Amino acid sequence: MNKISRRKLIYGGVAAAAGVGGLTVADRAARRYGLIPPDGGGIYGPGETLTYACQRLLTVHTPAREFPRSMISKNPFANAISPPTDEFKRLQAGGFRDWRLVVDGTVAHPLVLSLADLKTLPMRSQITEVACEEGWSYIAEWIGTPLSEVLREAGVLPQTRSIVYFSYQPNDWWDSIDMTDAWDPHTLLTMGMNGGDLPAPFGGPLRLRMPRQLGYKSIKFITHLTATDDIKKFGKGLGSASPEGGYAWYAGI
Amino acid sequence: MRATHWLTFIAFIALLVTGGELVISHPRFYWGEVGNVNTKPLFAIPIPSSRDTVPTGYNYLMPDQNGWSRYLHFEAAWVAMLTGLVYGIYGLVSGHFRKNLLPERRDWTWRAYADRMAQYLRRKPPGSTEESSYNVLQRTAYVVVIFVLFPLIIWTGLAMSPSFTSAFPWTAALLGGRQSARTIHFIDSGLLLLFLLVHVTMVAVSGFRSRMRAMITGYSRDSSEGR
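The listed protein sequences correspond, in order, to chains A and B. Be aware that the first sequence starts at 1, since it is given in the numbering used here, and climbs by one per residue. Be aware that the second sequence starts at 1, since it is given in the numbering used here, and climbs by one per residue.
By construction, these hints were calculated from the structure, which means they are not laboratory data. Note that this is a predicted model, so its numbers are computed, not measured. Take the hints with a grain of salt, since some may be wrong.
What the hints assert, rightly or not - Simulated restraints on C-beta separations:
(1) D197/A x G88/B: 49 to 57 angstroms
(2) R7/A x I216/B: 16 to 24 angstroms
(3) H199/B x L9/A: 31 to 39 angstroms
(4) N59/B x V112/A: 40 to 48 angstroms
(5) R2/B x G19/A: 13 to 21 angstroms
(6) A15/A x N59/B: 53 to 61 angstroms
Think of the CB as a built atom: it goes at the ideal place given N, C-alpha and C, for glycine as much as any other residue.
Next comes chain A alone, as it looks inside the complex (with noise of 0.2 angstroms):
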């Protein structure tokens, strides 16, 4: 008995330290690799950091899932949005030709372009499913300039580590991306659907489409991008509104 519980004892302390170290080394390789999220502290934060760090290991370089024109959703659903301002109306009757999207931070030349600046840039188009976190989902094409074409144009400089992204509702809808994020062309500063302009209920005239998060992160009725080497720097640290309000930041899942 007594011989059982010192090898219990030893193999317990082993494993123990072991465990510690692991977690240790791993704590140090994710903060210098940029694998911990802005929400990941807290009760919550050990899940979400799991999660944000091996979603984000496997998907650097895999593209979103593209789907045949022919999978198309016929009924796409557009979520309900809170009433546009006098503002937005106004713009909207101008058909948004005095939409502006500002970009600045940590950039080399700080812009404002027009929805007719944007459309000089390289263009794409691409079918790729909206996949609501309440479960809802459909595909469509999105057609519009890859985020990179932006920041590329700004000259995005070497520190930055988030682009953020705020509506036209600046204080309680922005968010904020990792850099994979940013570069990856299917990030896309969206002006068309189907086709055709992008609608109001959809997120037009300008909405940031990211096909490997979930619907949420893809904000709608864009005015201003900001490249910033520190993201606790807005609002309460936690890199979007959504933490805020109770949501993950990272919605790849």
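Following the hints, position chain B against chain A.
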């Protein structure tokens, strides 16, 4: 071994509660890749939803708790998966699966299943061999839960992730699409709940206190107690 049982229990309860909560934000299930309120569902659960965009026929909304439910669901999924990994490796290496869980060769007949089932239905007490060994029905149930239902629920869960499926598109395609994965995930969770209910009932019938003591301390004193 007993630690993995209780860790799985805690994680499973958390998954069940949060999973149930997540369902009410869209209590409709579809087959194929896509599905939304403009699509005909395969089936819908007749409960109120937490979203006013879902036509449920009820004119009130359930509270929306998806934020923390999602956080906890995924954290508990990690606990369950890592625990399952430890349990799986231990079960293979120690021969636990082969010796204790795989139905014995002589029981690979319908007859063996029918006989044991009849014994349950007639409420005859188990024979002496079952004090230290599982019978064919128990073994089959455990094998199905451990090697079919749990792996399937992990697979279907991951097949709903737009990020995971960008790396492994076949995980969704093989199931018929993302919505099929969600539907199978839901049905699978129902089967696991059914197992939990039967499992707890059986424990209760065979003496809740002594079984719990055995599963917590590791010592079975059934024979000396002469129940």
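Consistency of the hints with the structure:
1. Distance hint for D197/A and G88/B: a CB-CB separation of about 53 angstroms, consistent with the stated range 49 to 57 angstroms.
2. Remark: the range hint 16 to 24 angstroms for R7/A to I216/B is upheld by a beta-carbon distance near 23 angstroms.
3. Checked against the given bound of 31 to 39 angstroms, the beta carbons of H199/B and L9/A, roughly 33 angstroms apart, stay inside it.
4. Between N59/B and V112/A the C-beta distance comes to about 47 angstroms, which sits within the given range of 40 to 48 angstroms.
5. In this structure, R2/B and G19/A meet the distance hint of 13 to 21 angstroms, their C-beta atoms being roughly 19 angstroms apart.
6. Distance hint for A15/A and N59/B: a CB-CB separation of about 56 angstroms, consistent with the stated range 53 to 61 angstroms.
Of the numbered hints listed earlier, not one is contradicted by the structure.
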